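Engineer: The residues making up each chain are set out below.
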Amino acid sequence: MVVYVKLDEYKDIVDIVNLIRTKLKQARYLLDKVAELKKQEDAEIGGWASELDSIEEKIDTIDKTLTEPEV
Amino acid sequence: MPDEEPLFVGVPDSVALRKDLLNASKSLLSSLRGYEKFNAIKNEKERYTSELVRAVKEINMLNRRIKQLLPKTRLKPGMIKKPVPVPPRIAREMPRPAEMMEAKKPARPAPSGIIEEKTRLAKLEDELAEVEEKLAKLE
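Chains as they are written, first to last, in our numbering: chain A, 1 to 71; chain B, 1001 to 1139.
With the rest of the complex left out, here is chain A (with noise of 0.2 angstroms):
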């Protein structure tokens, strides 16, 4: 079934067309923003559980040097 526009509102469709088409890519490029921030984000809480388990070991060693001392 053909649909006929008139001419003046297909322009302003192929317009709003272009419109969209540029607002997907900036939300492409803002998704993909997001997901790398995301990426960051993990990498650092992994970075606070490495640490984590770092400064346990620490404090275990200081533990056990105190616990057993030398009378």
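Bear in mind the hints are in silico, worked out from the structure with no lab data behind them.
Computed from a predicted structure; not experimentally measured.
Think of the CB as a built atom: it goes at the ideal place given N, C-alpha and C, for glycine as much as any other residue.
Heads up, some of the hints might be wrong.
[What the hints assert, rightly or not] Cut-off 25 angstroms, straight-line C-alpha distance, at most; resulting in silico cross-link-like pairs (SDA-like, lysine to any residue): (1) B:K1042 - A:V3; (2) B:K1037 - A:K25; (3) B:K1067 - A:A35; (4) A:K25 - B:S1014; (5) B:K1019 - A:L30; (6) A:K23 - B:R1047; (7) A:K38 - B:L1028; (8) B:K1057 - A:D60; (9) B:K1057 - B:K1134.
[Said to hold, decoys possible] Simulated coverage check for chain A against chain B, where a stretch passes if three residues somewhere in it have a Cβ under 8 angstroms from a Cβ of chain B: (10) 11-20; (11) 26-40; (12) 44-58.
Model the placement of chain B on the given structure of chain A, informed by the hints.
Structural biologist: Same frame as chain A, now just chain B:
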């Protein structure tokens, strides 16, 4: 006991102990620095997310604008289903729409936030159903 001698506990390898303590402090400070970095990343992510939401809303708005500009297609008479006439006796027994609405009313009103969320969700679902219906007609 007068002039009691104080007792001492020997700590073996005190240098290593001090080193461990300092290293633990260093790791803690590094963790705190990491927290600051994490916070900055989180804030930046929130900024980008809100921009993304805005962009998606704009796309949705433009999409609606296109829908408005496109002419309304007229449905063919065969595509419209005629309502089936209900016999008068059954019609009398059927509850009126107002009565049905009354019966469907919840016992307690939900908090306003939930209602808003539901209406937004309901609107989106309606729109989705509408689009799906149109797609089905086109296929």
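Engineer: Each of the hints needs a verdict: does it hold here or not?
Structural biologist: Here's how the hints hold up against the structure:
1. B:K1042 - A:V3: 49 angstroms, violated
2. B:K1037 - A:K25: 28 angstroms, violated
3. B:K1067 - A:A35: 32 angstroms, violated
4. A:K25 - B:S1014: 61 angstroms, violated
5. B:K1019 - A:L30: 46 angstroms, violated
6. A:K23 - B:R1047: Holds - the C-alpha atoms of R1047 (chain B) and K23 (chain A) are around 17 angstroms apart, at most 25 angstroms.
7. A:K38 - B:L1028: 23 angstroms, holds
8. B:K1057 - A:D60: 54 angstroms, violated
9. B:K1057 - B:K1134: 22 angstroms, holds
10. 11-20: holds (count 6)
11. 26-40: holds (count 9)
12. 44-58: Result for this restraint: holds, n = 9.
Violated hints for the displayed structure, listed by number in ascending order: 1, 2, 3, 4, 5 and 8.
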